[in-house]
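Novice: Produce the entire structure from the sequences given, and follow the hints as far as they go.
Residue numbers (our numbering), protein chains in the order written: chain A, 311 to 671; chain B, 311 to 671.
Hints were generated in silico from the structure; no laboratory data involved. Any given hint might turn out to be false.
If chains are identical, the list can't say which one is meant, so a pair holds when it fits in one copy or spans any two.
[As the list claims (entries may be wrong)] SDA-like mimics (lysine to any residue), calculated; alpha carbons at most 25 Å apart, straight line:
#: 1; residue 1: Lys425; residue 2: Phe530
#: 2; residue 1: Lys413; residue 2: Glu628
#: 3; residue 1: Lys368; residue 2: Lys401
#: 4; residue 1: Lys398; residue 2: Arg312
#: 5; residue 1: Lys401; residue 2: Pro529
#: 6; residue 1: Lys425; residue 2: Gly570
#: 7; residue 1: Lys638; residue 2: Ala527
#: 8; residue 1: Lys400; residue 2: Lys425
#: 9; residue 1: Lys658; residue 2: Glu337
#: 10; residue 1: Lys671; residue 2: Glu625
#: 11; residue 1: Lys416; residue 2: Leu379
#: 12; residue 1: Lys413; residue 2: Asn544
Protein chains: 2
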Amino acid sequence: MRVCNFSAGPGCLPLPVLEKIRNEMVEHEDHGMSVMEMSHRTQMFYDIFYPAQDLLKKIMNIPDNYKILFLTGGATTQNSMIPMNLMKNKKADYVNTGVWSEKSIKEAKRFGDIKVVASSEDRMYNYIPTLDASTFRPDADYFHITTNNTIYGTRYTQLPNTGNVPLVADMSSNIMSETGPLMDVQNFGLIYAGAQKNIGPSGVTVVIVREDLIGNALPFTPDMMDYSVHVKANYIYNTPPTFAIYVVKLCLEWLQEQGGIAGIEKVNNYKAGILYDFLDNSKLFIPSAEKESRSLMNITCTLSTKDLEAKFIKEAGENGFVNLKGYKTVGGLRISMYNAQPAENVEKLVEFMKKFELQNK
Amino acid sequence: MRVCNFSAGPGCLPLPVLEKIRNEMVEHEDHGMSVMEMSHRTQMFYDIFYPAQDLLKKIMNIPDNYKILFLTGGATTQNSMIPMNLMKNKKADYVNTGVWSEKSIKEAKRFGDIKVVASSEDRMYNYIPTLDASTFRPDADYFHITTNNTIYGTRYTQLPNTGNVPLVADMSSNIMSETGPLMDVQNFGLIYAGAQKNIGPSGVTVVIVREDLIGNALPFTPDMMDYSVHVKANYIYNTPPTFAIYVVKLCLEWLQEQGGIAGIEKVNNYKAGILYDFLDNSKLFIPSAEKESRSLMNITCTLSTKDLEAKFIKEAGENGFVNLKGYKTVGGLRISMYNAQPAENVEKLVEFMKKFELQNK
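Specialist: Have a look at this one:
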C-alpha cells in the first residue's frame with residue numbers, strides 16, 4: 311500500500327505518472343526499447359526533450375526571449391554557474407533567508423564582490439526581510455533571492471522592485487505552485503530549480519534564463535558550466551539525463567491536466583489552508599513561520615517537547631504518514647506538500663493530528 | 311517487440327533489469343513509494359546507494375585506498391573537474407585518440423600547461439599510438455588517456471608505464487568489459503565513466519579516485535566540483551540522481567549474475583569475435599580500426615559507397631537492427647555491443663550482414 315509521503319525532496323510524484331512509466335518501461339510507444347536505452351541523438355528522444363521544453367514554456371508562460379535548459383548537478387551547481395555566467399562586473403547582491411541562501415552566497419563569493427543586503431538570521435529565518443529598491447546596489451550584476459525556504463517554511467509573498475538589475479531566483483521548492491507576479495517569468499533575469507520537488511525526479515535541474523544574460527561567462531568557465539554552450543548545441547550539448555527529462559515531461563502533462571498553474575494553485579491553497587487553520591487553532595502544535603511569510607509548500611511547526619514530537623512522528627509513521635521530521639538543524643515537524651501531493655493525504659494528516667491532539671492534551 | 315539496439319550510448323540495458331524496475335515502479339519493496347519519491351536522506355535510499363558503491367568495489371576489485379563517487383554532468387564535466395582537482399603543479403600530459411580526447415584536452419587547457427604527447431590524428435584516429443615512459447613528462451601532475459574510443463572503434467590493448475605519475479583514464483565506453491591490467495584499478499590514479507554505456511542509464515557518472523589525489527583542488531573550485539567535498543559528505547553532498555543510481559545497482563547485480571567481469575569478458579570476446587571474423591572475411595564490409603587497436607565495444611566499418619551504407623542501414627532498420635549509423639564526422643557503420651548487448655542480437659546481425667552481402671555483391 312502506498313504511504314502518505316511528505317518528503318521535502320525528492321518529493322512524491324503523481325500516481326498516474328508512475329503508472330505510465332511502469333506501463334512503458336520495457337517498450338516505449340512503438341520504439342521497441344525503454345526510454346533509458348534511447349540514444350540522445352535520435353528523433354525518438356527529441357520527441358521527448360523538445361516537447362518537455364515547449365510544455366514548460368506554455369505552462370509557465372515563458373516569454374520568447376528566455377532560454378529553457380535541462381541541466382544536471384542540482385541547484386547547488388547553479389550556485390557557482392550563476393556567478394560564472396552573470397557576474398561580468400564581479401558584483402552581486404544576495405538575501406540570506408536560510409541554509410540554501412547561505413550555500414548560494416558561499417559559492418558566489420569565490421567569483422566576486424558579494425554583499426548580503428538583507429537577512430532573517432536574527433529570528434531563526436522564520437520570516438522574509440522587507441526589501442525595497444534601496445536594499446540592493448543599483449550597479450550589481452544581479453540580485454539573488456530564494457523564493458521558498460523548505461527548512462523554515464517561509465516564502466516571498468512580494469517581489470522587490472530591482473529596476474534594471476536582473477532578479478535571480480532559486481525557485482526549487484515552489485516553482486509552478488501559484489499564479490501572479492511572484493512566479494511571472496518576465497519579472498526575473500534567471501530562475502533555477504532542482505526538479506525533485508515541484509517538477510519531477512532528482513537528476514535534472516531547470517534553468518530559465520533571459521537571453522541577454524547569456525554569453526558573458528568568465529574566461530575559465532568550463533563548457534559544461536557555460537549557458538551559451540548549451541544553447542548553441544540546441545540544448546543537448548552532452549548526454550543529458552534522458553530518463554529524468556522524460557519523467558519531467560510526464561509530470562508537466564499531468565500538471566496541465568490539473569488545469570496548469572491556476573488549477574494547481576487552488577489545490578495548493580486548499581491543502582495549506584486546512585493545515586494552517588488547524589495549526590492556528592491548535593493548543594498542541596505551534597506553527598514556526600511568521601504568518602505573512604508562510605510557505606504553501608513546506609509547513610513547519612513544533613510541539614511543546616522533543617518527546618512529544620518524537621511520539622507524534624512515530625505514531626504518524628505507524629499510520630502511513632512518513633517523512634514528517636523537521637530539518638536536522640531546526641527540529642520540529644515539516645510537512646511538505648508540493649504540487650503532486652494529493653489533497654486527500656493532507657486531509658487525512660489533519661484528521662490524524664486532531665486525533666493526536668485530543669489524545670495528548 | 312523489442313528491437314536489436316546497437317546504440318553507442320545511452321546503450322541497451324539488460325531486459326531483466328528493465329522488468330525489475332517496472333515491477334517495483336509504483337512501490338519499491340515494502341516502502342509504499344517509488345524509488346524516485348524517496349528522500350535521499352533516509353535509510354531506504356542509503357540501502358540503495360551504499361550497496362551500489364560496495365558492489366562496484368567488489369566487481370572491479372577496487373582497493374581500499376580508492377574512493378567511489380556517483381556524480382552528475384557526464385564525463386564532459388570530469389574534463390574540467392580532473393584538472394581542477396589534480397593539477398596542483400598546473401602541468402598534465404594527454405594522448406589524443408579522437409573527439410573525446412580532444413574535448414578533454416580543450417577543457418584542461420583552461421587550467422594549466424597541457425601537452426599533447428601523442429596523437430593518432432594522422433590516420434583518422436584508427437589506431438592507438440605506442441606509448442612508453444619517455445612519452446610523458448615525469449613531473450606532470452597526471453597522464454590522461456581515453457581507454458576506448460567509441461567513434462573510431464579503437465581501444466588501448468596495453469597500458470603505458472607512467473612510473474609515479476598517476477594515470478587518469480576516461481573509461482566511459484569500456485569500463486568493466488574485460489579482465490587484466492587494462493582494467494586493474496590499482497594501475498590508475500583516477501578512472502571516470504559516464505554510466506550510460508557500460509554501467510547503467512545516463513544521468514550518473516562514476517569516478518574512482520585514489521585518496522592521495524583528493525584534497526588539492528584549485529582555490530576557485532566550486533564545492534560541487536571538488537572531490538573532497540563529496541567524500542567528506544559521505545558521498546551524498548547534495549541531492550544525487552537517485553533513480554539513476556538505483557538502476558546502476560540493478561545493472562551491477564545483473565553483471566554479478568553473469569559471473570562478474572570474467573564472465574562478461576567471455577561474452578564480449580565471443581560477440582566481437584564473430585563480428586570481426588565476418589568483417590575480416592567480407593568483401594563488402596571493410597573494418598575501420600587497425601587490428602591491434604580494435605575495440606570490443608564499438609566495431610566500426612565502411613561499405614564501398616555511401617549509397618550502399620544507406621541501403622544497409624535502411625534494410626537493417628526494417629529488420630529490427632537499429633542505431634547502426636557511424637558518428638556524424640566519420641560516417642560508415644558503428645556497431646556498439648556493451649556488456650548488456652545480448653550475444654543473440656550480434657549473432658542475428660552477423661547473419662543479416664551475410665545475407666546482405668550475398669544480395670549486394
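Novice: Regarding Lys638 and Ala527, is the shortest C-alpha distance of 25 Å or less found within a copy, between copies, in both, or in neither?
Specialist: neither (36 Å within a copy, 29 Å between copies)
Novice: For the identical chains here, do Lys658 and Glu337 meet the 25 Å Cα criterion within one copy, between copies, both, or neither?
Specialist: This pair counts as between: shortest inter-copy Cα distance 20 Å, intra-copy 37 Å.
Novice: Cα distance capped at 25 Å. Does Lys425 pair with Phe530 within a copy, between copies, both, or neither?
Specialist: both (23 Å within a copy, 18 Å between copies)
Novice: Regarding Lys400 and Lys425, is the shortest C-alpha distance of 25 Å or less found within a copy, between copies, in both, or in neither?
Specialist: within (11 Å within a copy, 32 Å between copies)
Novice: First find the shortest C-alpha distance between Lys398 and Arg312 inside one copy, then the shortest across copies, and answer within, between, both or neither for a cut-off of 25 Å.
Specialist: neither (49 Å within a copy, 51 Å between copies)
Novice: Is it within a copy, between copies, both, or neither that the alpha carbon of Lys401 lies no farther than 25 Å from that of Pro529?
Specialist: both (16 Å within a copy, 19 Å between copies)
Novice: Classify it for me, Lys413 with Glu628: is the Cα-Cα distance of at most 25 Å met within a copy, between copies, both or neither?
Specialist: neither (35 Å within a copy, 53 Å between copies)
Novice: If the cut is 25 Å between Cα atoms, do Lys413 and Asn544 qualify within a copy, between copies, both or neither?
Specialist: between (30 Å within a copy, 18 Å between copies)
Novice: Within a copy, between copies, both or neither: where do Lys425 and Gly570 come within 25 Å Cα-Cα?
Specialist: neither (37 Å within a copy, 54 Å between copies)
Novice: Should Lys368 paired with Lys401 be assigned to within, between, both, or neither, using CA atoms and 25 Å as the limit?
Specialist: Answer is neither: 33 Å inside a copy and 48 Å across each miss the 25 Å cutoff.
Novice: At most 25 Å between alpha carbons: which applies to Lys671 and Glu625, within, between, both or neither?
Specialist: within (16 Å within a copy, 76 Å between copies)
Novice: Indicate which option fits the pair Lys416, Leu379 if close means a Cα-Cα distance not exceeding 25 Å: within, between, both or neither.
Specialist: For Lys416 and Leu379, the Cα distance is within 25 Å both inside one copy (24 Å) and across copies (23 Å).
Hint check: violations occur at hints 2, 3, 4, 6 and 7; the rest are consistent with the structure.
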